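Asker: Here is what each chain is made of, one letter per residue.
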Amino acid sequence: MVVPTLAFLLVFQYYPAVSGLYRSLFDWNAGLEGTFIGLANFVELFSDDRVFIRSLRNMALLTIWYLISFVGISMLVAVLIHRIRNEGSKYIFRLFMILPVVIPAVVLILLWVFIYDATIGPLNALLTALGLQDWTHAWLAEPKIAIYAVMFRNFPWIDGVSVLILLAGLQAIPVEIVESGLLDGASGWKRLRYIELPLVTGQIKLLIVLTIMWGVQEYTAVWAMTQGGPIDATQVPGMWMYFNAFRISRMGYASAIGVVMFLITLVATILNMRYIRTQEF
Amino acid sequence: MEKRGENVGAAGFAPALDVSIGAQTPRRSLRQGDAWRSLTLGLLCFLMIAPLIMAIIISFKSPSQFTRLPFLPALPLRWENYEFAWQIISQFLLNSIVVSGATVIGVLVLSSLAAYSFAQIRFPGRTFVFYAVLALMMVPASLTLVPSFVLIKDLRLMNTHWSLILPWIAGGQIIGILILRAFFESLPREMFDACRIDGASDWQIYWHVALPLTKSMLGVVAILNILGTWNNLIWPTLTITERRLYPLTPGLYSYMEQYYTSYGRVMAGLLLGSVPLVLLFFFTSRLFVEGLTSGAIKT
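Quick mapping for you: the protein sequence lines, in order, are chains A and B. Residue 82 in this note's numbering sits at position 82 of the first sequence; the count goes up by one each step and never skips. Residue 21 in this note's numbering sits at position 21 of the second sequence; the count goes up by one each step and never skips.
Just so you know, not all the hints are guaranteed correct.
[Unchecked claim] Pairs of lysine to any residue residues, derived as SDA-like cross-links and limited to a Cα-Cα distance of at most 25 Å, are as follows:
hint, chain 1, residue 1, chain 2, residue 2
1, A, 205, A, 79
2, B, 153, A, 190
3, A, 144, A, 79
4, B, 153, A, 4
5, A, 190, B, 34
6, A, 205, B, 153
7, B, 153, A, 34
[Stated by the list, open to error] If we take Cβ atoms under 7 Å as the criterion, some of the chain A residues that face chain B in the derived model are:
hint, residue
8, 16
9, 84
10, 88
11, 266
Rather than coming from a laboratory, the hints here were simulated on the basis of the structure. Owing to the predicted nature of the structure, the values given are computational and were not obtained by experimental measurement. Quick reminder that beta carbons are idealized off the backbone N, C-alpha and C, glycines included.
Generate coordinates for the entire structure from the input sequences, incorporating the hints supplied.
Answerer: What follows is the structure, given as C-alpha cells:
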C-alpha cells in the first residue's frame with residue numbers, strides 16, 4: 001500500500017533532490033552535457049557574485065520584516081481580539097482574519113502592483129491629495145525604494161494564519177490563571193507580559209521557525225512585482241536562481257543557489273526539531 | 001448573575017469567573033476597553049479590505065469614468081467589464097479546477113493508503129521508509145526546482161496538465177501522510193485487531209473502518225493541499241507556455257499583464273478569480289480554520 005507513494009516520491013522528489021545536489025557541481029547549460037567543476041559554482045557565488053550577496057541581504061531584510069509582522073503585529077492583533085468580550089464582534093473579527101487567506105495570494109500581490117503604480121496608483125494619488133507631492137514615487141521602479149515597496153505590501157501587515165494560531169494559544173490558557181492574575185492586579189500590559197506571553201511561547205517559537213523558513217524560500221511576491229529588478233535591487237536568492245536557470249540557462253549555477261537555500265533551511269529545520277523535542281506540551 | 005460571555009477574560013470558559021471580583025471596577029474598565037479595541041480592530045480590518053473595496057469600485061468603471069474620478073464610485077455600473085473578464089478567466093478557472101481537483105484526489109488516495117500502512121501494518125523497513133518520507137519535509141522546493149523542470153522536459157510532459165498534477169501529488173502527500181498517520185495511530189488498536197480476528201483483510205479494514213473514521217482529517221488535508229496548488233504561480237509558468245492551459249493563478253497574472261491599462265477589466269478579472277476560494281471557504285469554514293492552524297495543533 002505504500003508502493004505508489006514511494007514511486008511518486010522517488011521520481012518527483014528524491015530524484016530531483018539528489019540531482020539538484022549533484023548538478024550543483026557542474027557547469028551545466030540546458031540541453032548540453034555538463035562538465036564537472038567541483039565546488040567552483042559555490043566559490044563563484046560567494047566571492048564573485050555581487051547580485052547573490054545582495055540577494056542574501058535582501059532576503060535577511062525581508063525575513064526580519066516578516067518576523068516583525070507575522071509574529072509581532074499578529075500577536076498584538078491576537079491579543080486585541082482575545083480581549084474583546086462581545087462574542088459576536090469577536091467572531092466577526094476572527095472571520096476577517098481568514099479573508100486574506102481566502103483571496104488568492106496573486107490577487108493581493110497584483111492589487112498592490114496597481115496601488116504602487118507611478119501614474120495612476122492610488123498611493124500616489126493619496127499623497128498628492130494630502131499635498132505631499134514630493135513624497136510620490138515610482139515605488140516599484142526606483143532601485144532604492146523598490147525593496148521596501150515589496151516589503152511593505154499588504155498594509156496593515158496582518159497575517160491571518162498567525163493571528164489564528166496565536167489566538168488558539170491564548171484561548172487555551174486556563175481561565176483560573178488569568179483570574180488569579182487579575183486578582184493580584186495584573187491587568188493590561190502586565191497581564192500580557194507576565195501571564196499570556198509566557199504561555200504562548202510554544203506558538204511564538206513555531207511561528208518564528210515557520211516564518212524564517214518561509215522568508216528564505218519565498219520569491220513569488222518578488223517574481224510577480226519586480227522580477228528582481230530594477231537593476232537587481234529587489235533580487236532574492238530564489239529569484240536569482242530562477243533567473244540563472246530559466247533566463248540565462250546556467251542550470252548548474254542555479255542548482256548551487258538551490259543547495260545554499262537548502263542548507264539555510266536545513267539549519268532552521270534542525271533548530272525546529274530540537275525545539276519540538278524539548279517543547280512537548 | 002450575568003450572562004455567559006459577559007465576564008472578565010474571554011468567553012468560552014466564562015462560568016469560572018462568575019465569582020464577582022469585589023467591586024465593579026475591573027469589569028467596567030474591561031467593558032470600556034471593548035470600545036477602543038473594537039474600534040482599532042475595525043480600522044485594521046477596513047485597511048485590510050481597502051484594496052478589495054478599491055478593486056470593486058474600479059471594476060465597474062469604463063476607462064473614461066476612471067480618468068474622471070479614479071477611486072470613487074460612479075454610475076452607471078459597467079457590468080460588461082465582468083462579461084469581458086469572464087470570457088478569459090473561465091478557461092483558467094476550469095484548468096485550475098481540473099488540476100487542483102486531480103491533485104487533491106491523488107494526494108488523498110496515496111497519503112491515506114501510505115499513512116494507514118505506516119500506522120497499522122508491520123512490514124520490513126517500515127521505520128526506515130517512514131523517516132525517508134519525513135526527511136523530504138526538509139527538502140525545499142528551491143532545491144528541486146531546476147531538476148524537476150528538466151525531468152518534466154525529459155518525460156515530454158511540457159504543456160500538459162500532468163506537468164502540474166504529478167509533481168504536486170508527489171509533494172502534497174508528504175504533509176498528508178504526517179497528519180493522517182498521527183490520526184490512524186490515535187485510533188484504538190483493539191478495534192483493528194478485532195477486525196483482523198473477524199477475518200478482514202487490510203484493504204477491507206482500510207476502506208470500511210479506517211477511512212470512514214477519518215473523514216474530517218481528510219478534509220483538512222484536502223483544504224491545505226488545494227490552497228497550496230491553487231496559489232502556485234511560478235511552476236505553471238515554467239512548464240506551460242500555452243496560455244489556454246494556464247491555471248487560475250498564472251492566468252490572472254498574464255491577464256493583468258495583457259490588459260493592464262483597462263483598469264476596470266483587470267479589477268473585474270481579479271475579483272472573479274477570487275470567487276472560487278471564497279465559495280470553498282463558505283462551505284468548509286471549520287475544516288479551513290482547522291487546516292490553517294494545524295501547524296500549531298501538531299506540536
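Asker: Compare the structure with each hint and give your call.
Answerer: Going through the hints against the structure:
no.	hint	in the structure
1	A:205 x A:79	holds, 17 Å
2	B:153 x A:190	violated, 59 Å
3	A:144 x A:79	violated, 35 Å
4	B:153 x A:4	holds, 22 Å
5	A:190 x B:34	holds, 18 Å
6	A:205 x B:153	violated, 40 Å
7	B:153 x A:34	holds, 17 Å
8	16	holds, 4 Å
9	84	holds, 5 Å
10	88	violated, 9 Å
11	266	holds, 6 Å
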